[in-house]
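Visitor: Here the protein sequences come in this chain order: A and B.
Take the first sequence: its position 297, counting from 1, is numbered 297 in this note's numbering, and each next residue is one higher.
Take the second sequence: its position 82, counting from 1, is numbered 575 in this note's numbering, and each next residue is one higher.
Treat the hints with care, since some could be wrong.
Claimed, not checked - One-sided and incomplete, this derived list gives chain A residues near chain B with beta-carbon spacing under 8 angstroms:
| hint | residue |
| --- | --- |
| 1 | Val63 |
| 2 | His89 |
| 3 | Asp152 |
| 4 | Asp278 |
| 5 | Thr289 |
Don't read these hints as lab results, they were simulated from the structure.
The C-beta atom is built at its ideal place from N, Cα and C for all residues, glycine as well.
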Amino acid sequence: MTTTAAVRYETVIGIEVHAQLLTLSKMFCACPVPSLDSPPNSHVCPVCLGMPGVLPVINKHAVELTIMTGLAVNCDIPPEAKFDRKNYHYPDLMKGYQISQYDLPLCKDGRLEIEVDGQTKRVGITRVHLEEDTAKSMHVAAPTGESYSLIDVNRSGLPLMEIVSEPDIRSAEEARAYLQKLRQVLRYIGASRANMDEGNMRCEPNVSIRPLGSEPFGQKVELKNINSFKHAYDAIKYEVARQTQVIESGGRVAQETRGWREDLGQSVSQRSKEYANDYRYFPEPDLPTLTISREWVEEIRTRMPELADAKERRFQDQYGLSAYDAAVLAETRARADFFEASVALGGNDNPARAKSAANWINGEFARLLNADNADIEDSKVTPELLSELLDLLDAGTISGKTAKDVFEQVYRAGISPKRAVQESGLIQITSADEVSFAVEKVIQEHAKPVEDYRRGKEEAIKFLVGQVMRETKGRARPDIVIQVLKEKLNGSP
Amino acid sequence: MPLSREDVQHIARLARVGLSERDMEHFSEQLSQILDYFERLQQVDTEGVPPTAHTLSLHNVMRADEEQPPLEPEAALANAPLREGDHFRVRAILEE
C-alpha cells in the first residue's frame, strides 16, 4: 500500500498553532497568570468567570507580543483590527462565547522559512490573531458508574495567540520542522514559553491527500490532542496512511476531527466538525476597535531581538565560525547570548577565542547538559567561569586534558576554574627541569622501548611519552616531554 | 421575512434551548420580526459610508499588563450549583 500510495498521492497539511502569551495578567482582566501547579480556581475573577455585567479590557502587552510575532514571521500588520465573538456552548467556555478575531486579525500574509534535508522551503502564514483561552475540564468516571466533569477556570481568559499556516506543508517531516522553527521564533522574542508538553503551545494539523498533480484539495481531517513534536509527526504519518487506505478501498474521507491516542498509536474520530457559520461571529460590542499606527508597529520592531537565522549568519561572518557551529549556538537565544558574553570577556576581536568558546559550548558543555537534560540558562557555569577557564588554557597553565576535568568540576559545583586548578594541583608542568625527573624514571624502567628507539624505531617514542604523561598525571605539556625525551635518548646511553 | 421551521430549530439547537410546539410558533414569529427590522435597515443608502463594527468613535482602549488580586476560591465557587473540592462540577462532557 505505501509504495503505490507514495507515487500516486500528495499530502497537503496546514497547521493551526495556539500559543499562550508570556504576560503577567490575563487577556481581558487583571487576574494573575497561574502556574502549572496553582490550585484550581485560585486565579479567577468575575470577568474570566463570565459573570453578568462585567466588561473586558484589552491587555496592551498581549497585543504587542502578537504584533511582534507577526513581524517575526514576516506578516503585514493591517492598520485596523477588531475582536469578535465566537459563539458556542461548552462547559469550559464560561460566557458561552469566546472573544477572538474573525475578519480583521492583528497580522496576516506572512511566511516562515524551514529547512528539511538541506532544502529551504517557505511556508505561508495566513494570519496571526489574538483570543482568550478556555477553562480546563477534567473527566471523572466514579466507581459508582457515575460520570461527570470538573472545571478549573484558572486557564480561562489567558491570552492565546493563534497562528494559521497556509496548506503549504507536504510531509510529516516538514510539519515537524515548521513547528520547531515556530517554537524557536516564539521563544526568541519571548512571546511564549512554547512548551508543547506543558500545553502552552498546542497544534492542530489539517491533513488531506490528493492525487499527485491534481489541483483541488481532498477532504481535510483535523488532528487534535497532540502534545509533542513526536505526536504531531506520528499522527500525521498515521493519518496519511489511513486516508490513503480509505480512498484506495473505494471509500470517501469524512470531514471530522480525530484525536491522537498515543497509547493506541492511532487517531480516533471525535465530534463531526461544526460549520464555521454555526459560530455566528459578530463584532465584540464590549471592545472598541484597534487602530494600529505605523509608528507603533515600528516601535515594536525596534524592540524585537535579533532572530536565530540572522544570528547564525552573523556568527559566521563576525567570528569566522563554521555553519554547523553557528547553527548550534543560535539554536536558543540563551546559548547564543552565553557564547557572545564568553567571547566578549576574552576581547571581542579574538577569533581564536570565539572558536574555542564555540568548541566548549557545543562540545563538553553540551555533552554534560544533555546528560542531565538541562538547559544552559540554568547551569552553574557562567560566561565568566568559561572565560576564566579559556584564559588558563591560553596561558598554558593547564593542559587540554586537565581543562576537561576542571570544566566538569565547574559544571558540578560552580566553583572558579582557578580555584579548582590550585586545589587539585593540576597546574601544568611547563618547565623542562620538572619533566626531566619523570623522563629519567621512565627511561630506566622501560629498557626495551628505549633500545628500540635508539636502534632507529622512531615509533617507540610514543609509548615513552605516554609513560611520562602517566607519571606526571597528565600535567606535563606533551611538546616539552618529547623535547626532553629526545635530548636524553639521543645523548649518552 | 418568515423563518422556516428548520431555521428556528437550528437556532434553538445552537442556543441549547428546548422548544415546545407552542414555543416554536411564538419564536418563529418573533425572530421573523427581528429580521424584518433589519430588512428595513437594509433600505438605507450606505453608498460611500465606510463599514464600522462600532457606533462609538473609541479606539485602542487598553490597559497595562498589571496584575490585581483574584477572588478567593471560596468566593469564586460560592454560587456554583455543584462543586467538588475547589472545582466546579458539571454534567459529563461527552463528544457528540
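Visitor: Does each hint fit the structure? Answer for all of them.
Guide: Hint by hint, here is what the structure shows:
1. The interface hint given for Val63 (chain A) holds, since its Cβ lies 7 angstroms from the closest Cβ of chain B, which is under the 8 angstroms cut-off.
2. The interface hint given for His89 (chain A) is met, as the beta carbon of that residue sits about 5 angstroms from the closest beta carbon of chain B, less than 8 angstroms.
3. With a cut of 8 angstroms, the hint placing Asp152 (chain A) at the interface with chain B holds, because the nearest CB-to-CB distance is about 6 angstroms.
4. Evaluation of the Asp278 (chain A) hint against chain B yields a held restraint, the C-beta minimum of about 6 angstroms falling below 8 angstroms.
5. Hint status for Thr289 (chain A): holds, given a least beta-carbon distance of 6 angstroms to chain B, under 8 angstroms.
Every hint, counting from the list given before, is met by this structure.
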